[in-house]
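A.B. asks: Sequence:
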Amino acid sequence: MTRIDVVDNHGQFTHLEQRALRDIGVDVELIDNTTPPEEVDADGLVLSGGPDIDRIGNSPEYLDLDIPVLGICLGMQLIADARGGTVSEGEYGGYADVTVEIDDETDPLVGSLAPETRVWASHADEVTEVPDGFVRTAHSDVCGVEAMSNTDEHLYGVQWHPEVAHTEEGEEVFENFRTLCEQRE
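For the sequence shown, UniProt numbering begins at 1 and goes up steadily by one.
This list has only true hints and no planted wrong ones.
Computed spacing ranges between beta-carbons, pair by pair:
1) Gln183 / Ala114: 18 to 24 Å
2) Tyr92 / Asp52: 14 to 20 Å
3) Ala124 / Thr99: 15 to 21 Å
4) Glu129 / Glu61: 21 to 27 Å
5) Asp66 / Ala96: 31 to 37 Å
6) Glu29 / Pro115: 34 to 40 Å
It should be emphasised that the hints constitute simulated quantities derived from the structure, not laboratory data. Even glycine gets a Cβ: it sits at the ideal position worked out from N, Cα and C.
Given only the sequences and the hints, what does the whole structure look like? Please build it.
C.D. replies: Now the structure itself:
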């Protein structure tokens with residue numbers, strides 16, 4: 001069975017990420033973000049959202065484990081920051097129901113959601129410039145980078161929260177990520 005750990009970055013929906021993965025048949029554990037990278041034993045990782053990029057523990061080190069990583073909200077922002085992208089305060093601010101347009105129908109994480117999907121997202125902070133090696137895979141009227149991917153490094157991110165009921169095709173995002181992890185086993 002595929003094992004995906006959820007790294008707890010102190011987000012309010014972290015437990016829902018764990019449950020969403022369990023509901024699609026994944027062996028999943030919630031691990032603290034201070035877990036040493038050498039102790040991570042999973043086929044993939046989800047970097048949860050959270051309130052503060054200063055409280056991400058060892059999360060940047062997990063990007064070098066050579067397993068697929070999905071960053072959600074703050075998780076995507078910390079991937080961008082660690083790889084040389086830019087994260088800035090969002091103009092829109094708090095949580096809202098947003099229509100996201102998929103830019104890359106071939107993207108293995110979000111391409112199947114094309115041409116657009118409705119999501120629940122926070123834009124207090126957001127990725128404003130993707131790092132080298134990454135492509136923007138989705139955008140919206142309120143955020144220029146709603147999703148990004150680096151398929152060579154198996155690093156993926158979404159600004160929205162696929163684990164909440166307000167996101168229409170959230171389960172599909174997790175199923176696509178599970179497939180990415182199974183392909184790397």
